[in-house]
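2 protein chains.
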Amino acid sequence: MFLFENIYIVLVGITHPGNIGGAARAMRNMGLTQLRLVQPKLFPHAEATARASGACDVLAKTQVYDNFAESIQDCHLVCGTSARSRTINWEILSPRDSVEKVLLTSQKVAIVFGREHAGLTNEELDHCHYLIQIPTVADFSSLNVAAAVQVIAYELRCAQMANETSLIKEPAETLATAESMQRFYEHLRQTLIEIDFLDPTNPRQLIRRLQRLYNRSQLTESEINILRGILTATQKQCKVKL
Amino acid sequence: MFLFENIYIVLVGITHPGNIGGAARAMRNMGLTQLRLVQPKLFPHAEATARASGACDVLAKTQVYDNFAESIQDCHLVCGTSARSRTINWEILSPRDSVEKVLLTSQKVAIVFGREHAGLTNEELDHCHYLIQIPTVADFSSLNVAAAVQVIAYELRCAQMANETSLIKEPAETLATAESMQRFYEHLRQTLIEIDFLDPTNPRQLIRRLQRLYNRSQLTESEINILRGILTATQKQCKVKL
Numbered sequence: 001m002f003l004f005e006n007i008y009i010v011l012v013g014i015t016h017p018g019n020i021g022g023a024a025r026a027m028r029n030m031g032l033t034q035l036r037l038v039q040p041k042l043f044p045h046a047e048a049t050a051r052a053s054g055a056c057d058v059l060a061k062t063q064v065y066d067n068f069a070e071s072i073q074d075c076h077l078v079c080g081t082s083a084r085s086r087t088i089n090w091e092i093l094s095p096r097d098s099v100e101k102v103l104l105t106s107q108k109v110a111i112v113f114g115r116e117h118a119g120l121t122n123e124e125l126d127h128c129h130y131l132i133q134i135p136t137v138a139d140f141s142s143l144n145v146a147a148a149v150q151v152i153a154y155e156l157r158c159a160q161m162a163n164e165t166s167l168i169k170e171p172a173e174t175l176a177t178a179e180s181m182q183r184f185y186e187h188l189r190q191t192l193i194e195i196d197f198l199d200p201t202n203p204r205q206l207i208r209r210l211q212r213l214y215n216r217s218q219l220t221e222s223e224i225n226i227l228r229g230i231l232t233a234t235q236k237q238c239k240v241k242l
Numbered sequence: 001m002f003l004f005e006n007i008y009i010v011l012v013g014i015t016h017p018g019n020i021g022g023a024a025r026a027m028r029n030m031g032l033t034q035l036r037l038v039q040p041k042l043f044p045h046a047e048a049t050a051r052a053s054g055a056c057d058v059l060a061k062t063q064v065y066d067n068f069a070e071s072i073q074d075c076h077l078v079c080g081t082s083a084r085s086r087t088i089n090w091e092i093l094s095p096r097d098s099v100e101k102v103l104l105t106s107q108k109v110a111i112v113f114g115r116e117h118a119g120l121t122n123e124e125l126d127h128c129h130y131l132i133q134i135p136t137v138a139d140f141s142s143l144n145v146a147a148a149v150q151v152i153a154y155e156l157r158c159a160q161m162a163n164e165t166s167l168i169k170e171p172a173e174t175l176a177t178a179e180s181m182q183r184f185y186e187h188l189r190q191t192l193i194e195i196d197f198l199d200p201t202n203p204r205q206l207i208r209r210l211q212r213l214y215n216r217s218q219l220t221e222s223e224i225n226i227l228r229g230i231l232t233a234t235q236k237q238c239k240v241k242l
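Protein chains in written order, with the working numbering: chain L, 1 to 242; chain B, 1 to 242.
It should be emphasised that the hints constitute simulated quantities derived from the structure, not laboratory data.
No distinction is drawn between identical chains; accordingly, a pair holds when it is met within one copy or between any pair of copies.
Pairs of lysine to any residue residues, derived as SDA-like cross-links and limited to a Cα-Cα distance of at most 20 Å, are as follows: (1) K108 to R183; (2) K239 to E194; (3) K239 to H187; (4) K101 to Q218; (5) K61 to D139; (6) K108 to A178; (7) K101 to F4; (8) K61 to V137; (9) K108 to L175; (10) K61 to F140; (11) K61 to K108; (12) K236 to E194.
Turn these sequences into a full structure, and let the hints guide you.
Spelled out as structure tokens, the structure:
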């Protein structure tokens with residue numbers, strides 16, 4: 001299985017330390033822990049720590065670089081992110097398609113995010129094997145950098161989970177068997193007749209609609225017990241009357 | 001085609017105004033514009049405006065509510081978000097599966113996000129048809145609220161783009177509004193007391209379980225009418241007895 005330790009999130013020229021903290025938290029939520037910063041304006045910084053909100057382990061081992069080329073030197077695949085369409089045609093992938101490529105790589109991968117206002121320079125993009133473009137509306141395309149990290153980290157996590165074949169499921173509540181459902185519907189039908197809601201000479205459409213409603217819910221055995229308890233209590237009222 | 005104007009992002013009890021701005025920006029990037037706030041600590045606020053970074057149109061028309069029920073009153077589908085696994089089993093969907101459901105609904109939808117540290121209360125979740133759980137690592141599961149909004153908004157945008165070419169919807173049956181659901185639950189509660197099934201001094205768990213069951217089914221208005229018809233017929237039996 002692909003190791004998330006091989007994925008490096010590289011943030012270039014970040015001005016607001018809060019964004020570094022936000023990115024660290026987003027990474028940590030999704031199981032990523034390798035953060036690299038190129039020429040951050042302020043780091044370490046209290047605002048980064050505050051926004052990391054417990055992802056201090058990520059910040060503690062964050063590596064800081066003076067130049068971009070060094071920060072990606074040991075990586076085999078380098079993916080840039082960009083909001084803008086560029087004049088030069090890089091191969092552009094959606095986040096979903098790009099994480100497939102990342103997970104197919106069994107070596108070190110860098111996913112690079114640029115400056116808050118200017119993104120990555122063309123020189124920096126020249127180092128990238130391809131570009132990841134997060135889909136946005138055309139007239140408001142610039143994501144916050146921590147939000148962009150969140151989207152990519154989330155896609156990585158989804159892809160990783162999809163690949164984990166042996167996902168151990170929590171034991172769910174027991175769903176009602178078809179047999180108990182039938183018994184419940186018969187009990188319901190009987191009760192509706194007793195309270196004069198159902199005309200037994202023409203019951204069809206009403207019962208069918210109720211069946212559809214309850215089938216849709218996939219009732220558990222304990223819910224069936226509650227519903228039949230209500231029916232029994234209702235029937236008792238009718239008997240008192242008689 | 002499904003209109004993004006029908007999707008309301010509802011943020012409950014947000015403490016940090018920066019998160020409101022971050023959420024507004026995340027929404028705007030993905031084409032969502034309807035933001036509702038329930039009891040925000042500080043709004044409007046300079047920090048919200050700063051973090052919105054140009055998504056001021058979203059903030060300008062944001063609606064503020066005193067209580068949660070009001071904020072979702074006109075919505076036909078209500079989806080909660082939760083990081084924690086709950087003891088009571090709500091139906092839990094991934095972001096990807098949940099946006100499919102949202103886009104299949106041609107009526108107003110609320111997607112609800114809770115407080116920074118405590119999330120949504122069980123009482124608030126009782127209003128929800130299902131829960132959306134963003135996949136995270138187990139030991140660090142709490143996303144920043146703006147980051148969570150970003151993930152959901154991103155999934156909506158992806159699904160919208162995938163559907164854009166061919167999504168012509170059949171007119172669906174009108175789903176019940178949150179308001180009719182509340183009226184139905186009140187009618188149900190009253191009837192259960194009258195048939196001596198519910199002890200009004202300790203009603204809580206029973207009603208909650210029934211709410212969960214019916215919320216899961218996403219009742220239509222006409223189904224609500226059938227169910228309330230049954231309740232009225234049941235009440236009539238009790239009155240005859242008295």
